[in-house]
Amino acid sequence: MGAFQGVVRQLMLRLPSCLLALLLAFLAVGQQTNPVDEFFARTSSTHTNNWAVLVCASRYWFNYRHMANALGMYRTVKRLGIPDSNIILMLADDVACNTRNKFPGSVYANQGRRLDLYGDNIEVDYRGYEVTVENFIRLLTGRVEDSVPRSKRLLTDERSNVFVYMTGHGGNEFLKFQDNEEISAFDIADAFEQMWQKKRYNELFFMIDTCQANTMYSKFYSPNILATGSSMLDENSYSHENDADIGVAVIDKFTHHVLSYLEGINKTSKANFKDFFETYNFETIRSHAGVRSDLFDRKLEDTLLTDFFGGVAQVEVMDIPPNPSVQEPLVKSDQKLAQGVDDAFSSSIPRQSLSPVNPPGMSGWRLWLGCALMVGLVLVVGVFRG
Amino acid sequence: MFLRRLGLGTLVAARLLLAYHPALLHLQDDAQLSSPLTSYKRLLEGIFLFQNGVDPYTGGTFRHSPLLLALFSTAFPLSSTTTPIIWLAFDLLGAVSLAKIYHSRTQARDRNRNFVLVAFYLLNPYQLLASLARSTASIENALSLLASAFACSGKSSYALLALAFLTHLSMPAVLLTLPISLLILRGPHSSLATPTAFHSWSKLIPLIAEYSIYVGILSITASSIAGGVHWPYKTWGAFLTLPDLTPNPGLWWYFFTEMFDHFRPFFLAAFSIHMAIYVVPLSLKFQHDPLFAAYIILGIVGLLKPYPTLADAGLFLTLLGVFPEIYQYLRTPIVTALLHLHSSLLLPLFHKLWLSQGTGNANFFYASTLVFALANGFAILDALQAGLRVGLGTRPDGWELVQI
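Residue numbers (my numbering), protein chains in the order written: chain A, 1 to 386; chain B, 387 to 790.
If you're looking for bench data, these hints aren't it; they were derived computationally from the structure.
Quick caveat, the model's predicted, so the values are computed rather than measured.
A hint or two may mislead.
Computed, partial: chain B to chain A, Cβ under 7 Å [as the list claims (entries may be wrong)]:
hint, residue
1, Ser543
2, Ile603
3, Thr627
4, Leu774
Listing some non-contacts, in silico: residues in chain A with all C-beta distances to chain B over 12 Å [claimed, not checked]:
hint, residue
5, Lys274
6, Phe384
7, Arg385
Facing chain B, according to a computed beta carbon distance under 7 Å, are these residues of chain A, among others [unchecked claim]:
hint, residue
8, Leu373
9, Val380
10, Val381
11, Val383
Yeah, the Cβ is synthetic: ideal placement off N, Cα and C, and Gly gets one too.
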């Protein structure tokens, strides 16, 4: 009894230290960083996919430059990695095959007609009379009819970074759609708020190139929105150059500035938004381009251009874990696998002779059994019927 | 004789060295020389998948027989050094079989002619390029010639076994059962000039039964290799259901690209029956010379099969060398030759124009496949009418041959 009590007392004395040791052990184990979080913590961006909504809200031949604006942005965004499936392009699409177009089937954005933006590889999702305010808002909010095809839906999720670009004729807190109707800054702000409530974007970058463009983003109130516009209140946005053979203005100053800057970067670029916005100047753009970043909680110097303009995914290639049931030494089988992958991507030279590895699924003995059966059949036929 | 042997040796050595040239690796991608069922790259893909634990028959890439899978994974491993040797070995097998067929047919040990035949088989551009492209169509050709050679020698079991192997590689070869069996029973001697009826039709039944048993045993072998019975749908089923519409020099793919699903089974049945329907009438008509019947049926199968390659046309043209008695009665040899020249130039040109450059469209290539089919058709029909004409004998002076 005394011995037992002695043991109990010993335990009681040691208990706190044991508990402390146990607690520290748990903390230590809990401190092991989750590799997924570690992976996402490498950059400050939190998105996994990119979408772009490019809207040209004008129609008719004399608004050639708005079409070229949108198509130029489309080309750049595609070049930087966003696939067609993630781009919604809304154009009136009436200049390329316009009877007044001296270069039918082509849309150019510079004076010497050096680069055809129309080509034969573009996908216009909303064209002609489908570019309406109602369709635009339905697209953003996702409240589309069941019959609307996938290519016309904005299938974003809460980890999507969305780039919305709009160009056309605008004014104080409105944008004219197709010479017919207007969308107001309040409408767009409410649409973005709906997107936020429905978790349809992670971060949103809004760019607009119209007259008095900065007024269009003045009414936003949802978080994680970065906005930029080409001109302030009571200021016009100007076109950049005319082409003598086409006969109309082919690009706007603000969009030309943006596209020239983006032409200098590629998918691997680490150019950030702070440097980009600092290149805005009145001398070249001839209007006071503005930026609104109060709703955007990341620092602009940490936000890469490719977070919105490009479709760069964060990828880490991991080694294929060795298979415990493989009988051959691990190094040899990895080398063969890697060599096979290399050969598949290099020329058509076939791989070196494969020795039959014993994979867990299909067994090598089957092959030898098959060969044996075939040879056996030939021999049997030869012996008995030859 | 020494010169002949030297010539043959030089030919074979040169052919082997040519096969190692790195520029020829691009031929493996050519759609005219290998179809989805005979492509070397797909064979490699299947072997790779198999050896890494993935069943190659679960996808749509690998459509070769499990027998080839087993053979080329174990006994004849494929690599950049061994593959040309393997393919040359099959070509030589085919060449030797061709010489054997000719020898059995004419009984004349004309070695010059043997050499010419062997050289023609090895150098025929349709077959040479298909072999350099490492298409398994060369293996199929070699096996058909081997089966015919054994049948000409009277070795029935070997012939039927070779035919069973061939059936596993290419299902339309089942149509050759009837002529090969007739050939075994009748013999290869040229009797186009003296047609006589064939009376022992009941003797065909044991031969066909033996062939079926061989096919069955090989199917069991294939099932044990593949570990299931899902492979016939992917390999033989490809001939019947046409799952892969990769453009090839055949007549099926274009038709079925624009086919509504509702009509697909009907037209698949119609096309398959069209190919099969010529076997029995031709075997009956040429019961006096089954080798000739086999020849014409090979041509028809090569023309109408779902995934033909140039090697099938090449086999037909090469085998023409075995029937010199019909040369004087061929009415349109120049037209046939020119059509073949025309189509062989246009097929790769329009294929490239359509699929690489983008300046043409599918209709260009389809038109060239129609010309190719016309070339084959002319060849077959000309040979057919010449074979029948031989039976009528030479025309005496002052008489005219009129079809009524």
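Which hints, by number, does the structure contradict?
The structure conflicts with hints 3, 4, 6, 7, 9 and 11, although it agrees with all the remaining ones.
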